[in-house]
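The residues making up each chain are set out below.
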Amino acid sequence: MIALLVALPLVAAGCSFIIPWHQARSWLLPAVSAVHLLLSTLFALGYLPSEGTWIGLDALSSLVLVVTSLLFFGCALYAVGYLDLHPERGNKVMVPCLLIFLGAMSLAVTARHLGLLWIAVEATTIASAPLIYFNRNRLTIEATWKYLLICSVGIALAMLGLLFVAYSALGSGVPVSLQFDKLLSQATTLSKPWLHTGFVFMLVGFGTKMGLAPLHTWKPDAYGEAPGLVGALLAGGLTSVAFLAILRGVQLMTAAGDGALARQELLGMGILSLLVAAVFMVGQPDIKRLLAYSSVEHMGLLAIGVSIGGLATFGAMLHLVNNALTKGGLFLAAGNIQRAFASKHLSEVRGALSVLPVSGTLFLAGFLAITGSPPFGPFMSEFTILRGIFGSDRLVVGLLVLLLLATVFIGMGATVLAATQGEASEATPGFRDSPLLCISPLCFMLLILLIGVYIPEPMQNALHQAAALLEVQP
Amino acid sequence: MTDLTNPLLLAVILINFFTLGSARLGACIRVVSVQGALLALLPLTTHGFSFHSILLTTGAFCLKGVFIPWLLFRAIREVRIRRELEPTIGFVPTMILGALTTAGAFLFADFLPLISEHHEGLFVPTALATMFAGFLLLVSRRKAITQVLGYLMLENGIFVIGVLLSDALPLMVEAGVLLDLLVAVFVMGIVMNHISREFSTINTERLSALKE
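Just so you know, the sequences run in chain order A and B. Going letter by letter, the first sequence gives residues 1 to 474 in the UniProt record's numbering. Going letter by letter, the second sequence gives residues 1 to 212 in the UniProt record's numbering.
Read the hints as simulated data drawn from the structure, not as lab findings. A quick note: this is a predicted structure, and the numbers were derived from the prediction, not measured. For every residue, glycine included, the Cβ atom is placed at its ideal position computed from N, Cα and C. Any given hint could turn out to be false.
[Stated by the list, open to error] Partner residues aside, some chain A positions facing chain B, computed with beta carbon under 8 angstroms:
1) H113
2) A123
3) I141
4) G171
5) G173
6) V174
7) P175
8) F180
[Claimed, not checked] Just the calculated beta-carbon pair ranges, DEER-fashion:
9) F73(B) to H22(A): 32 to 38 angstroms
10) F108(B) to L400(A): 44 to 50 angstroms
11) P49(A) to D110(B): 46 to 52 angstroms
12) T201(B) to E348(A): 26 to 32 angstroms
13) A418(A) to F73(B): 50 to 56 angstroms
14) V139(B) to F17(A): 36 to 42 angstroms
15) P93(B) to P49(A): 57 to 63 angstroms
16) M172(B) to G171(A): 22 to 28 angstroms
17) G104(B) to E471(A): 36 to 42 angstroms
[Unchecked claim] Quick look at which bits of chain A chain B covers, simulated, 3 or more residues with Cβ under 8 angstroms:
18) 144–157
19) 220–231
For reference, chain B alone in the conformation it holds in the complex (with noise of 0.2 angstroms):
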């Protein structure tokens, strides 16, 4: 199983890249939902099958793959969005800001004091490119709906640390974790649904009334 760890991971880092790249939202949602689905399947991998890592693959594939996607796919047909236009910073530089985080992430995973079993996987610089993936599509789109995307990848990112150390938290925690993701996504949905109804838009710039 431990053979399915490292192609895991790369193609969670392939995915972030895509979503970087993309401005078609429904492939976006699409493919984050993939990422998580993936991500779902790192505890089996690493930890074997026991009790606690298929109850937090289950749960986790569930929110993540199927009901957090069907959540935003609904929000979007509510408001009637198809493509993310006009990024506050471009496609390509985005993409390009992407590539040097991960290989960021790539050369400053070498120098953490890790212990010994963790120097070889791909698992924290995985974690850190997801994360810092994550924060670009936090701060460099305009729909609302992008921004709860770079939430989730940033979430996914910490995932990945958080199968590191499943040990470390009971079930019942994790499962309280990911239950207040699922919680918060809802929230912001129907937040997003609001936005669109008083403003026709869900571009978060117009959100600009309250400054200083």
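Chain A on its own, in the form it takes in the complex (with noise of 0.2 angstroms):
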């Protein structure tokens, strides 16, 4: 049943190279992935049954489920515009391309063997290399290329340490399996040694595709000159997704045992991706780069939420859906605003609110609400991560991560506010908002300002399991 999820948009994905018409094909994204929405959310509901060996859903799956094909859905109806403004482009590679990300997401998330999540994650990266390229450029295409090469790399490395993870199950006697509940029954058996080295690997391998510093230096390029739909998906989809894939290693540690060793590595490379991120965002002249960095600074602190535990656990899940949809909004209105100008340059980007009420407004809103202002979504996961590590008496972490924040607080605020407000730069286009260009990031908005006022019941539970199920001890 739930191989559905997985199967149907790769089914359209084939169904998209036979149809021959550029419409069709365009709306095909947004019908499949309502579907697809409506299906994540009835398995993460448990109406339907998502129980399996090798494919299945937990608390922490379902989660990151349903946000990423809402986002997806967001960005299918905002594509369905998108690709009716570069008619000479067409839409042949872009809309299976799309497809095969959804698929291979939807695989990633509900793998329950550490191979065939592996597999997914190489995936993720090969299907979603052509849409970074869809411009066509000298600049996309060196972009495309370090995203390839860099991930690839990366990727390969977490394979080497899930084959380490399967040899620290040689020596206990038991037939080796890559089986993730196979390995958390049996992980206080592990061999503590190989386990480590198994973990660390991970972390590097899915840290590359998360993007958490050292490992982020081709996420300002890909983010930068990928089409603005497809940065939505890297920074809100992909990277969650990677995430799941680190916290599979986490929940392995901790069933062996050994959480807080890997909870140490994720808070250095938490702290060091902010520290990055505060550094290259100050002065940063270029929006899209801007927002990339943004994505490096939030991945931080995701890794330092789940390494504090507690109740700062629970707030990076928060922070997960808040950080996937307020990403969406802002790199769907930084596309427009880009277009707007042709440029994501300062030097040409001024006055984005006169010209573009909407999107410059979303976008503006959009800064407001990933920077932690209330009364949005972030603010809310934000404050609880921060209480968190207060709470847990990391009194230097917690001024050191205060610290960073504002840092970049302000050094977002120079670029974005001089990019919206003021007088419009003279090269005033024919670029104006659209009402399909412009749903989807209010649509996203809107829900992040509603999760910041207010959590419905159900999602606060499924957060409280998806933290728990990270909290498991042996």
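Can you join these two chains into the complex? Each is in its own frame, and there are hints to help.
Encoded structure:
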């Protein structure tokens, strides 16, 4: 049953090769993703059976599944309008690749076998490379090459990590398997040194994909050059999926009684990510690269949240949702702004609010949200993470995080305010806000606002269950 | 059959050195494909003839030994290049680095808490040495195609470890891993083609417009 989530987009991708009409192919995206969203919600809420040895759902993956599916639905709607703007480039590559990407992400989220998880994550890399290359110029090709090579090598290291995890089970006498539930149940018998090494390689490998510093180097290039909707999918969806892969490692380490070590490593990379992001965001003149560094920052926050444990883990789970939706809104709005000014550089983008009232406002609101201003959702989650940090007596960590968040706020604010406010630059072209290109970011921002004010009961439960999975001791 | 394992692994290590020291792209592709083909025999020599190992060997042989090299040869024909000139680190220094990392791999493997059956064989040091060589190739060469070769060597190294653990990986997963590798190389080939059309070269040094 649950295999539908993977099969549906893949079959649709096959169909999109055959469909000869441009429009029909574009509309296939929202149609398929609407069904996907409906199915994922039903699976996540338990209305449909979702257990399985190869693929199945638990609290963690349900959360990531619904978030990515929702994000993809918004982006798919936006894609229809976006692809209409570029009829000359066609959508024969974009639509199948997006659908394969959705299928691969669903597989990665639902995989219960670590080998399958690996295959799916590598497949997301391959499927998203043509998406980054959509604009076909020198800069995109450079970004694509870096993305493809760095992520492939990273993922290869993750494979090594998985093999080490398998090796750790060799000595115990029971048949070796990378089936996740089996691994969890025999976690205490695993050989410690191999498990540690395995986790480190998993962290490095999937961390590359997630964009934790210092493995984030492909991120500004890829996010900067890819179309806005692809940036949204990468920053909101793919990073969450990669994070889930790392969390599987954390689960395993915790079950083996070595959670503390895993958390220490996560904390180190988290702080480093915040630091790197803060340094590069101050004075960043490129609005999309700015968003890429913001993504590095929030990946850091997720890692820190999980590393602290307790309340902060709950905060991190909430932040995963907030980050995905806010990044979705921001990238889509930034895409509109870039198109209106034919640039994403501060030297040419001025007064976006007066040229594009809707997209400009959304971009500004997205900035306020992502930097953790009330009343948006990320404020709640960042506040929860910080409360968790101070509550567990990590005073130094807490103060450092606060300082870096403040720096990010100032750095990001300088660029975003300059881009949105003031007189519009003279090059005012014909592009205007259109409903199809504004509805998705608008809905994302409204959702974020809603989460900031009120978290519904089922969501609260889902977040608690997901956080609880990460705390299970042997 | 087990007697064959160690000579195979030794040959793999020798191929690492050849690739690090050679300036001819065609020869490099050929030896990396030979390396892949040799590695493909490992499941047979270690686990004997079984359905699993025969399929794995056939699959790996066809992909690593035949199909991927064919793709790469087609790629270099299309972009018309023969030689790898001006590496960022010279050929002799990379060879020396390769020798050092290989020695390091052997020393390091002795310290690893391997289970008793794996103490003697060359499996682990070979895997590590091949991965390091792949890395060296990745970082020390300018041509996109040599970077792909480096990636392939890295994967070859990981494959060696994978053979030790093929019990843990169901055939479907192994097939998936190989398929991913193939598609990755295929996509890299397409991107390479576009690079050469845009820049009239496949020196990745030209890919330097994006930076802070």
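Status of each hint after checking the structure:
Hint status for H113(A): holds, given a least beta-carbon distance of 7 angstroms to chain B, under 8 angstroms. Here the hint on A123(A) is kept, as its CB sits about 6 angstroms from the closest CB of chain B, short of 8 angstroms. Hint status for I141(A) relative to chain B: holds, with the closest Cβ pair at about 6 angstroms, below 8 angstroms. About 5 angstroms separates the beta-carbon of G171(A) from the nearest beta-carbon of chain B, less than 8 angstroms, and the hint is met.
Residue-level restraint check for G173(A) is violated (minimum Cβ-Cβ distance to chain B is 11 angstroms; threshold 8 angstroms). At about 11 angstroms, the closest approach between the beta carbon of V174(A) and any beta carbon in chain B exceeds 8 angstroms, and the interface hint on this residue is violated. Taking 8 angstroms as the C-beta cut-off, the interface hint given for P175(A) holds, the closest approach to chain B being about 7 angstroms. The beta carbon of F180(A) is not positioned within 8 angstroms of any beta carbon in chain B (closest approach about 12 angstroms), and the interface hint is therefore violated.
Between F73(B) and H22(A) the beta carbon distance is about 36 angstroms. The supplied range of 32 to 38 angstroms therefore holds. Range check, F108(B) to L400(A): Cβ separation about 35 angstroms, and the 44 to 50 angstroms hint is violated. The beta-carbon spacing between P49(A) and D110(B), approximately 50 angstroms, falls within the hinted interval of 46 to 52 angstroms. For the pair T201(B) and E348(A), the supplied restraint of 26 to 32 angstroms holds, since their beta-carbon distance comes to about 30 angstroms.
At roughly 51 angstroms, the beta-carbon separation of A418(A) and F73(B) lies within the given 50 to 56 angstroms, and the hint holds. A hinted range of 36 to 42 angstroms holds for the C-beta pair V139(B) and F17(A), which are about 38 angstroms apart. Judged by the Cβ atoms, the range 57 to 63 angstroms given for P93(B) and P49(A) holds: they are separated by roughly 59 angstroms. For the pair M172(B) and G171(A), the beta carbons lie near 26 angstroms from each other, so the given range of 22 to 28 angstroms is met.
Look at G104(B) against E471(A): about 39 angstroms separates their beta carbons, and that is inside 36 to 42 angstroms. Counting residues of the segment 144–157 of chain A whose beta-carbon sits less than 8 angstroms from any beta-carbon of chain B gives 8, enough to reach three: the coverage restraint holds. Against chain B, the segment 220–231 of chain A contributes 4 residues with a C-beta closer than 8 angstroms to a partner C-beta. That satisfies the three-residue criterion, and the hint holds.
When each numbered hint is compared with the structure, violations occur for hints 5, 6, 8 and 10.
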